[in-house]
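*Asks:* Protein sequences appear in the order of chains A and B. Residue 133 in this note's numbering sits at position 133 of the first sequence, and the numbers go up by one each step. Residue 267 in this note's numbering sits at position 267 of the second sequence, and the numbers go up by one each step.
Hint data in this document are derived by calculation from the structure and do not stem from the laboratory.
Ranges of calculated distance between the beta carbons of each label pair, as one might list FRET restraints:
| id | chain 1 | residue 1 | chain 2 | residue 2 | range |
| --- | --- | --- | --- | --- | --- |
| 1 | A | K88 | B | E253 | 52 to 60 Å |
| 2 | A | L371 | B | E44 | 56 to 64 Å |
| 3 | A | G73 | B | E254 | 51 to 59 Å |
Glycine residues also receive a C-beta, built at the ideal position from the N, C-alpha and C atoms.
Spelled out, the chains give:
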Amino acid sequence: MAVRIEVGYRDGVHDPRGEWVVQEAGSLTGITLRSVRTANIYTLDMDLPGDVLEKIASGPFSDPIIQEYSIGGPISSDFQILIEVGYKPGVTDNVGRSAGEAVSQILERPLAGGEAIYTSIQYLIDGDLSHADAERLASQVLANDLIHRWEIVHRDQFDPEQGLSPDIPKVVLSGEGGRVAEVDLDGSDDDLMRISRDGLLALSLEEMRTIQAYFARPDVVKRRREVGLGGKATDVEIECLAQTWSEHCKHKIFNALIHYREGEGKVETIDSLFHSYIVRATEEIRTGMGKGDICLSVFRDNAGVIRFNEEYSLVFKVETHNSPSALDPYGGALTGIVGVNRDPFGTGKGANLLFNTDVFCFASPFYDKPLPPRILHPRRIYEGVVEGVEHGGNKSGIPTVNGAVVFDERFLGKPLVYCGTGGIMPSRIMGSPSHEKRALVGDRIVMVGGRIGKDGIHGATFSSEELHEGSPVSAVQIGDPITQKRMTDFLLRARDEGLYNSITDNGAGGLSSSVGEMAEDTGGAELHLDLAPLKYPGLDPWEILISEAQERMTVAVPPDNLARFLDLSEKMGVESTDLGRFTDSGSFHILHEGRTVGFLDMAFLHDGVPQMVLEAHWTAPSRQEPIFDQPPDLNEVLLSLLSRLNICSKESIVRRYDHEVQGGSVVKPFTGAHDDGPSDAAVIRPILNSFEGVVVANGIVPRYSDIDTYHMAACAVDEALRNYVSVGGDPDWAAALDNFCWCDPVASEKTPDGPFKLAQLVRANRGLYDAVTSYRVPLISGKDSMKNDYIMGDIKISIPPTLLVSVIGRMEDVRSAVTMDLKRPGNVLYLLGETADELGGSEYYAHFGHIGANVPQVDFTRARERYLRLHRAVVEGLVASCHDCSDGGVAVALAEMAFSGGVGLEVDLQALPTTGELRADRVLFSESASRLLVEVAPGKAGRFEKVMGSTVWARIGVCTADERLSVRSGKGLILSLALDRMRDAWKSPLGGL
Amino acid sequence: MRVRPKAVVITGNGTNCEREAAEACRLGGFDPRIVHISDLLSGEVVLDDFHFLNLTGGFLDGDDLGAAMVQANRLRYARVEGSGERLSEQLSRFIDQGKPILGVCNGFQLMVKMGLLPCLDGEQRQVATLTFNDSGRFEDRWVHLIADASSPCIFTRGAESLTLPVRHGEGKFVVSDPEVLDRMESGRLLTLRYADAGSGRATMDYPMNPNGSMAAAAGICSPSGLLFGLMPHPEAYLHRVNHPRWTREELPEEGAGIAFFRNAFEYVGGS
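Working from the sequences, and respecting the hints, build out all of it.
*Replies:* Structure below.
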């Protein structure tokens, strides 16, 4: 019989979780609570004698110093309203899993089938609230009805002897599982589209027709009959095709044939944006690099690989997890981070995970207008995503070294959650290059890690659509960092023993994708779905095939190594299961209990998807420059800009991330006299007895898309590289990832402006191509997420087209790294680069409600020369501090350098090199690209100027002991602010979150 | 050539700091080995072969039942294959042989919850805990620490004050019985305290005291001085480039964290 163990805090013990509820209840719902105490509830669905329960409750379930427990009765009846929040059946319950493990240790036996422990949290509330208020509190603060269930009990209904009765969220499926349905494709176009829509397949009519034609082919019919299938396709086959051909997996828009036209100009044909701009850029750069080519593996694996030195290679990938994060921010972000961890881990023979980098795009957490249906308040998204990434990164022991947060109201419909992970691997393992892998005919298909449930079914197809009323809740999952950590501990050991030939992760599309892709090496696979371990019985074969249940890798193990592999796995507490073998049959042969349930030609599966043909039409948006007088008080303007969400300190987020685990931290997210200045990029030392460094930086400027995505993309590359160079990254040893998040660019009834949005995508690709080829920074991997829209009834919200560029590279010696905080009074301040009338899309214009027209444009050739010379100056030790000019222009960068260093500045605006005559406010706040501020000791100034040579630079000021930033324009003082005031303005907006 | 004393760093189930802890041991003079707990439970490796034990940082079992609770339970019950002895017996033997143990962050939480710290009267019983920070948040920040020169702790010998990072959500040191704290104070077992860098005094003020620990305790030792645990991470400060202000302050090349490991090395007879 099930029993509850309730664990509460002793009187007088601080309960931060309860205090957090009081705070969030106030800000999210306006409900005032006097106090909230919390308790942990464990519901044990197993029969145990009293003394064992006592042992469990007093031992691992409670801490005798601060907690007390109660078995089979309530821990407290001291409340006005009690809300208990638990998980819905089938939702990952990490605490419950750990509790089960602790109990099995005490019992000295594993839990039996059917035995389980479920957890919930009890909120014991002191406050005068109605039942409706309690419902609101539960649904808007304490729980998310997609994954949680809750019970509300008033004190007068509560039995203080019995308390609540045990309630088991056990998954009970109606069927016995193992069912295979046939899909009748012999119908009209309407029938085909109904199949696609009803099945959440996200396949287009043309794709459905292609599939229809395939199954009607006589040779296909014949071969399928030979393996025991009927004339009709099975659901296993259709689901397998739908996920393999999903936008998420196949990048159909990036590979489409596009007819592109600018204005009334000639139509150009682009056969695949991916090949025309991204792959081509990298090929050209690599050819140009010749022997200095740093690329080892590009585009073909789960992540890109570059050389770090003779002994080690670097691996890097950034992914998005937008749609799940919109529905369940905590689970979505947690799954996003532990999911992207598996990309470098599943690249080549597998990499040790070295760092995480996260970039979020949100609406303001202070949003105060009515929310459209099914949208969570941005503050909840913010809190949930930050907590998810915190748990995902910290618990996995991977430092979060760098990131950014961008705010725009259009991210209300879909937040963007970019999660990136870098890894490092020995360049050779057992004598072979580590970045190469290949499954061989006869290798066993072994699945390692978590078990399969209904979680994440249709994740790949779901993320290939906009967020709508029917968006499936099963797509939401919660990651489990510890199961994954155990798995990676084991697999790294198996890697070093050379026990497998190939490895890949089970992400979108699950086994269908991982096995299907690995089978391309050999030309076939035979997969036995009934052998796969399940979380609960009752799954049908198609569900087992495409479930995206987390924390799983698929490896190709040679038969001779299988016994050793499985032994080591068992010893290290990791589940590994032999599911079949890789073949050269030309088919993906899927079986269940010995019966064929799917049989697909490898060639059709991987290359059969028809190319999309799309129209793109660019008409430049008619934007005007705003006309207004220079504001009389520039001090006030600068303070307001420092407090803008896109500029202000993100410390309240970043402090929550462990940014130095693994011991290699060199340039941290925070720097300066008070450990709070915003670093431009991260530097880490991956090998603790060497001084070679890895440098990581990001660039993202979606605001510029309102004017021209070409320049948005060019500026994103420039920003990433500028940040990279400013800490000391070597511009000749850098590679980049492109990560596009777009609103749907395919013309349809829902998206009449598709051709324009696609033209924006074309232009962004051109900007990206021009930038990376000019800078000679190869793209090594990337990702696109093309359906970032929200459609509900008449409301449509589309995100601004967004490109994240993430740069990884190297510096010879981390001891020459530079931070952005001013160091010493008396030092000279230089500005590198020219300032033009480029305030279109700037934070300054946005502050006054304008967009403008003059978007910053990058002069790649001059910028590259500048970066190369700056790098030489850094290596020579000439640079005391360096900070890039980005959001808010020179003025914001000056302020940040000064207050971070606790050193004053006197600057003469007239010394700044400008393009033409510019008004003072424009000089201060222009966001012209490729500019950096550099502090140099007076004794090194001569040499520094010589190194910078004929590039554009100017001495613009001097560091002072007076803790003020003073800016003159000729004789007149136009700006003068104390450092403390600027720091306060910059730190306060998000400080309380 | 003399054989260097051996240090073991136990990993597995969510331990994360094993590599830098092993590097710290190496820099301190030891021959370090990272050992997965499954190798101890299988009997392939025994603690008796080592001179210094590291229980380092991480998130054992996700800290799902409270920091290190599941591992404390595991060590209490788990048996070593073949011999039938419990792993906790190997651990007790290690302690009885007078070998030093260092617990950092999650390892410190583990030692406190197993009753290895403060181990008053040599009794392994939990009398203190480490719980949620007053801020309710995990935080990564560098803190100033002062060491008690009269503490029996062998690890902090020669230390007066130092700066190290804390990276935890459950680091608030709490006792329920005031007498325990009194005895720890009088026994000089509150080895390291969070301090105000300006005044050099122990502090309860956030964020200098990052979690609200009683008596500003950051690290505590057993009366023998051989069992020592602390929330800050000495293995995270091995070189001056680890320091958050290394680009602006004059700092020694060697990170302040190495001294703890070198002291352990000297204690076990290395030289």
